[in-house]
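J.: Each chain is listed here by its residues.
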Amino acid sequence: MTSILFIFSGAPHTSLNAQEGLDALLMGSAFTDCRLLLLGQGVLQLRNNQEAERIGRKNYTPGFAALADYGVSGIACRRSDLETWHLSVEQLSLDVQVLEDKDCRAWLDEADRVLTFR
Amino acid sequence: MILHTINKPSALALCEHLIADDDLVVLIEEGVYLASGTLPGRCYALEMDVLARGLADSVSNTRLIDYDTFVELSTEAAKVCAWF
Amino acid sequence: MKFAIIVQGSPYASQSCHSALLFADAVVRAGHELTRVFFYHDGVLVANRLIAPPQDEQDISLAWQTFAEAHRVELVACIASCLRRGILDETEASRYGRDASSLAPGFIISGLGQLVDATMNADRVVTFGA
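Respectively, the protein sequence lines represent chains X, C and B. Numbering-wise (numbering that gives the first Met the number 0), the first sequence opens with residue 0 and increments by one. Numbering-wise (numbering that gives the first Met the number 0), the second sequence opens with residue 0 and increments by one. Numbering-wise (numbering that gives the first Met the number 0), the third sequence opens with residue 0 and increments by one.
It is worth saying that the hints were derived from the structure and are not from the lab. None of these values were measured; they are calculated from a predicted model. One thing to keep in mind: the hints can contain errors.
[Stated by the list, open to error] Below, simulated DSBU-like cross-link-like pairs (lysine-lysine); rule was C-alpha separation at most 30 Å, straight line:
#: 1; chain 1: C; residue 1: K7; chain 2: B; residue 2: K1
#: 2; chain 1: C; residue 1: K78; chain 2: X; residue 2: K57
#: 3; chain 1: B; residue 1: K1; chain 2: C; residue 2: K78
#: 4; chain 1: C; residue 1: K78; chain 2: C; residue 2: K7
#: 5; chain 1: C; residue 1: K7; chain 2: X; residue 2: K101
[Unchecked claim] Some chain C residues close to chain B (C-beta under 7 Å, calculated; not the full set):
#: 6; residue: S9
#: 7; residue: I27
#: 8; residue: Y32
#: 9; residue: L50
#: 10; residue: Y66
Don't be surprised by glycine CBs; every beta carbon is placed ideally from N, CA and C.
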């Protein structure tokens, strides 16, 4: 089976790219083994208590919590990005793996294909 | 071995610690502004993008390539990761 | 070798449609098979039939159409991205009660299954982002 690593690197709500990326990830997980790695501002997608409706957007971010049910085999962010944005794991909307750079690299190596979105 | 494309300077922060020494790095679009600095991996820059931005005299450490070479390099790598 | 290309950037707010076309052209000239080009996010804006650039600028939409016709390459624009951005073929225009369609010739509108299929079945997937 061809495994796909999805990487999201953009913050939520300004653009809809992550919302559309999430759709692609859900579609991918229906066919094959998929993982999601949130890098850079991507980790901000997981910030809890988001109220996107206040700026006229649909809040799609609860969709991240459903990924495990769709068979997405791993969801992770990077420790250095949490530090950059002064985030603790308690401030995230779901339990994710927190990876060091070398673990992120291992995820890149283990995937057959890598799709990036921001 | 992975080929990484970088299309803007700010994208370097996403990937610089994920690039192995024998990986290929291809600077495209505004990513060519990184060509004058120090980068991980084996670094190339698209000549067209370098010339378009007037950078011919500031890319001494980077090999300039055309799209044919870009395609060839992407066949040599196991996969291509785009950073943008 | 089989290649698939993903284009995510707007034709005028990014370089991705232009870079992807040059890469696509190099892929076919090298004798590789380009199985599909998938336009996603603002990349679908290049499939707008009503783009009318000044005469002294490259018509990037037309350039993609010409390329696709010459090399029989499938240009797929994501349906969800298209509907949000007003890129509709006749079927979608009729479905959503719009008074005109706007999809350029040479492009087809289809779903994300085409993205996943292209990703899994090509030997190399190359994304051009914004």
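J.: Now look at each hint and say whether the structure bears it out.
T.: Evaluated hints:
{"no.": "1", "hint": "K7/C <-> K1/B", "verdict": "holds (27 Å)"}
{"no.": "2", "hint": "K78/C <-> K57/X", "verdict": "violated (34 Å)"}
{"no.": "3", "hint": "K1/B <-> K78/C", "verdict": "holds (12 Å)"}
{"no.": "4", "hint": "K78/C <-> K7/C", "verdict": "holds (20 Å)"}
{"no.": "5", "hint": "K7/C <-> K101/X", "verdict": "holds (23 Å)"}
{"no.": "6", "hint": "S9", "verdict": "violated (12 Å)"}
{"no.": "7", "hint": "I27", "verdict": "holds (6 Å)"}
{"no.": "8", "hint": "Y32", "verdict": "violated (13 Å)"}
{"no.": "9", "hint": "L50", "verdict": "violated (14 Å)"}
{"no.": "10", "hint": "Y66", "verdict": "holds (4 Å)"}
Against the hints set out earlier in the document, violations occur for numbers 2, 6, 8 and 9.
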